[in-house]
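For chain S, the structure is supplied; the task is to place chain P on it using the hints.
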Amino acid sequence: MDDYVITVLSNIGMISFIALSAYLLLLTGEISFGQQAYFGLSAYAAGAATAMFQMPIWAGILVGACAAGIIAMVVGALTLQLSGLYFSVATLAFAEMARLILLIVEIQVEVDGEMVGPEGANGFHGIRWMFERDISLTEFMLLIYGLLALTVICLLLVERSRLGSVLRMLGSDDLLAEMQGLNTVRYRILAVGAAGVIAGVGGALYAHFTTYVEPQFFNVMLGVHALAYGLIGGLGTAFGPLIGVAIDVGFLEAIRFIQGYRMIVFGGLVAILLIFMPRGILDEERVHRLKAVFSRRNHARA
Amino acid sequence: MIDFVQNTVDGMMFGSSYALLAIGFTIIFGVMRRINLSFGATIMLGAYIGTWLHVHHQVSVWVVALTTLASTVLVGIYVERLCFHAIRRSAVLASMVSSFVIWMQLEEAAIHLLPERTYAFPALLAADSFEIGPFLFRAEQTSMLVLAMIMVGVLHVLLYRTRFGLALRAVSESSLAAAYMGINAAWVTLCAFALVSLMGGVAGYAILSTDAQITPFFGLWATFKGLIAMMLGGMGSLPGAILGGLLLGVVEAHALWYLGNEYKDLSAYLLLFGMLVLRPGGLMGQRILSREALAFRRV
Numbered sequence: 000m001d002d003y004v005i006t007v008l009s010n011i012g013m014i015s016f017i018a019l020s021a022y023l024l025l026l027t028g029e030i031s032f033g034q035q036a037y038f039g040l041s042a043y044a045a046g047a048a049t050a051m052f053q054m055p056i057w058a059g060i061l062v063g064a065c066a067a068g069i070i071a072m073v074v075g076a077l078t079l080q081l082s083g084l085y086f087s088v089a090t091l092a093f094a095e096m097a098r099l100i101l102l103i104v105e106i107q108v109e110v111d112g113e114m115v116g117p118e119g120a121n122g123f124h125g126i127r128w129m130f131e132r133d134i135s136l137t138e139f140m141l142l143i144y145g146l147l148a149l150t151v152i153c154l155l156l157v158e159r160s161r162l163g164s165v166l167r168m169l170g171s172d173d174l175l176a177e178m179q180g181l182n183t184v185r186y187r188i189l190a191v192g193a194a195g196v197i198a199g200v201g202g203a204l205y206a207h208f209t210t211y212v213e214p215q216f217f218n219v220m221l222g223v224h225a226l227a228y229g230l231i232g233g234l235g236t237a238f239g240p241l242i243g244v245a246i247d248v249g250f251l252e253a254i255r256f257i258q259g260y261r262m263i264v265f266g267g268l269v270a271i272l273l274i275f276m277p278r279g280i281l282d283e284e285r286v287h288r289l290k291a292v293f294s295r296r297n298h299a300r301a
Numbered sequence: 000m001i002d003f004v005q006n007t008v009d010g011m012m013f014g015s016s017y018a019l020l021a022i023g024f025t026i027i028f029g030v031m032r033r034i035n036l037s038f039g040a041t042i043m044l045g046a047y048i049g050t051w052l053h054v055h056h057q058v059s060v061w062v063v064a065l066t067t068l069a070s071t072v073l074v075g076i077y078v079e080r081l082c083f084h085a086i087r088r089s090a091v092l093a094s095m096v097s098s099f100v101i102w103m104q105l106e107e108a109a110i111h112l113l114p115e116r117t118y119a120f121p122a123l124l125a126a127d128s129f130e131i132g133p134f135l136f137r138a139e140q141t142s143m144l145v146l147a148m149i150m151v152g153v154l155h156v157l158l159y160r161t162r163f164g165l166a167l168r169a170v171s172e173s174s175l176a177a178a179y180m181g182i183n184a185a186w187v188t189l190c191a192f193a194l195v196s197l198m199g200g201v202a203g204y205a206i207l208s209t210d211a212q213i214t215p216f217f218g219l220w221a222t223f224k225g226l227i228a229m230m231l232g233g234m235g236s237l238p239g240a241i242l243g244g245l246l247l248g249v250v251e252a253h254a255l256w257y258l259g260n261e262y263k264d265l266s267a268y269l270l271l272f273g274m275l276v277l278r279p280g281g282l283m284g285q286r287i288l289s290r291e292a293l294a295f296r297r298v
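Protein chains in written order, with numbering that gives the first Met the number 0: chain S, 0 to 301; chain P, 0 to 298.
So that you can see chain P by itself, here it is in the shape it has in the complex:
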């Protein structure tokens, strides 16, 4: 029983990093209705630039953190200009494939920057683990969960209480109608991408400093874990992103403990496939529109 609870706690701790990634995804996919496959690679290149400064110029930890955030935003803007702004809005598929080839490009650029397999990643704050009763908590991971909740809170206010949020939601509903209302859709989209990249940079920094290392696999890992967590929680739902991340973490932790390492990822994909077949909208998302409702809307 103690094992079970401790596993659940561990899973939630890992899940908090998935939740952090899922927040960025849920804005791009859910609110903007675009598929940006290079999100993970964007964060990775940003973090690599920060690490490069740390390795070659021995700058302080704060400079690494700020460089990571700033370069993630810049790379995010580059992706937006090349893959989303330049390609017309109706060509969703072209944007997706374009963001995929740019993923490969960013990954290669990162590997050129730091060619070895792993590099130490400096942590901003060091903290010890603590115990509550018989259970062990890791301080960094607990703070990640708190960070995810703060980010969701800030985003919620930004999306539902400010003019920028209103404009963003209007553009995601219909960019043509938004343009008639005097909203500069291109500018709003660019700002949203910069914002999402900033969130991704924060998430990436928190995760990497917990792991204390960075490898070239981070891009792929971040993209998939974020994507799965978002789909489990429900596309477009901010609380869902946290819930989905935690659920993914807990299921993986139990599968690892009871079944073994090779079943960890398998259980995650099985959960995702089952969720999509049985309840496509995820835990907190809106139910996807049934065909009748779609037909009615068109009439």
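Chain S on its own, in the form it takes in the complex:
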């Protein structure tokens, strides 16, 4: 594979994390415009860990994901009372705050005679873990897809478990869920925190793949795209958001020849798709039907 294809595939993989993160919150019925904040904060934290403090990559990813998860839980606790548009706008406000703070922060330390660290609007350069260790693009892509597979498996297991039913129940009617004796506060903070961690893993990988990050990348457009992916691909299964990302990034790469008219074509197509499939390609009903088909086939074989 040439570098271009690997880069596109890696981008699909890294963006998938933020799509999965938005998807997890959509399951609980909340629309977040702010998942890009955790992606970005984690990219900075993980970059700082490996570039400024010489930690290994796994520690960097861990630091980034934990930081993102903890901040997400704090924001989740502050916005517990809010739902619907109020929650969406609160997450948007937080994400923009985080981005604007990153535009101001300048903390640099000297590493091997060079200043390394976040440099305000100039971004955070010199996250060179990949080059220092001579890791090829292909190897890093395998790391991305390994972690992505792990995340998807976790999400699929959660969806099969009782926890998954509880989360979907919060999404369809949280009042009813509370009357069933469920601790909705705990589940909501759990979901928000887990969504933060997932976005954080993606952000940590992103920082090391591109070797530099700048606050401008984590603007609200990224967050709204993340939401759109889940809805295009479908809200029935964790594969939905992945399909959404593949359609968006893959499709836009494929229709390069109509340069300049891409959003006009793509926007129109998605709008029409949503008219016929308002909960995406793989919505709950279709996932259910597919599962029925598969289980019938297994029975026939047995």
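Read the hints as simulated data drawn from the structure, not as lab findings.
Among the clues, some could well be false.
To be verified - A partial selection of chain P residues facing chain S, derived with a Cβ cut-off under 7 Å: (1) A93; (2) V96; (3) Q104; (4) M230; (5) G259; (6) E261; (7) D264; (8) V276.
The structure presented is a predicted model; accordingly, all values stated were derived computationally and were not measured.
We treat Cβ as the ideally placed atom computed from N, Cα and C, and that holds for glycine.
Below, chain P alone, put in the same frame as chain S:
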């Protein structure tokens, strides 16, 4: 002290443009309970069509103004048909995402129309700034504040004194019940969208002619400033839209003066986040229903 007052005055002047945008938002979000992310882009494309006529055919200022309004309404109707009418009412999320992709579409269309970064935008009336005591007022911005107040007054009469307003409020409460009363919900929604787009067109024209230029960032800017001002004032409240716009303008002006440019937007988002955490209903809005009240209503 004079600086402080002058900053407050400047902030209120800027805030009046936020107030104008917030009025359109408060109707869509507050009264119709829908999220239309492409509102700013709708205004932008309308204004771009007007500017395109001005640049390429040298039409008079009045034609630019009227074209801007008319094309904003047409684009608004296009958004309503594609993102709201065609998608069933319960699928709120699909409508929102659909309006987002249409935002991208409208923005690209506008950039194709006028590919350069900035274009001069013709003003309808030229006016000078004037002074009261030691303080400087800009005439265009003062007139924007007056315009916002007139728009709120007209909307208030329309919503609470006419049959159309009654129908619109009924549809926003429950479209099913409204349909039983013989109200054509689809028609009322379409009219409301056309009305909001017209208001947006007026707001956009007033703001752009004050700035005297138009850039492709206008769509994003208009959507966010309008959204923040509406949330600060209280969703669904018309006086709140003006108050929220002014508050946003004043806070931004002080942050710019005392802290510097990079803190201007930060202070706005901090204010919004704080308001939502501490007082979610905003300055003038109804308090959002507590869980107990919701439970009671269902019983």
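Hints, one by one, checked against the model:
Given hint, A93 of chain P at the interface with chain S, holds; its Cβ is 4 Å from that chain's nearest Cβ, closer than 7 Å. Look at V96 of chain P: its Cβ gets to within about 5 Å of chain S, closer than 7 Å, so that hint holds up. Here the hint on Q104 of chain P is kept, as its CB sits about 3 Å from the closest CB of chain S, short of 7 Å. Residue-level restraint check for M230 of chain P holds (minimum Cβ-Cβ distance to chain S is 5 Å; threshold 7 Å).
The beta carbon of G259 of chain P comes no nearer than 9 Å to any beta carbon in chain S, farther than 7 Å, and the hint placing it at the interface is violated. About 6 Å separates the beta-carbon of E261 of chain P from the nearest beta-carbon of chain S, less than 7 Å, and the hint is met. Against a cut-off of 7 Å between C-beta atoms, the interface hint on D264 of chain P holds, since the closest Cβ of chain S lies about 6 Å away. Taking 7 Å as the C-beta cut-off, the interface hint given for V276 of chain P holds, the closest approach to chain S being about 5 Å.
Against the hints set out earlier in the document, a violation occurs for number 5 only.
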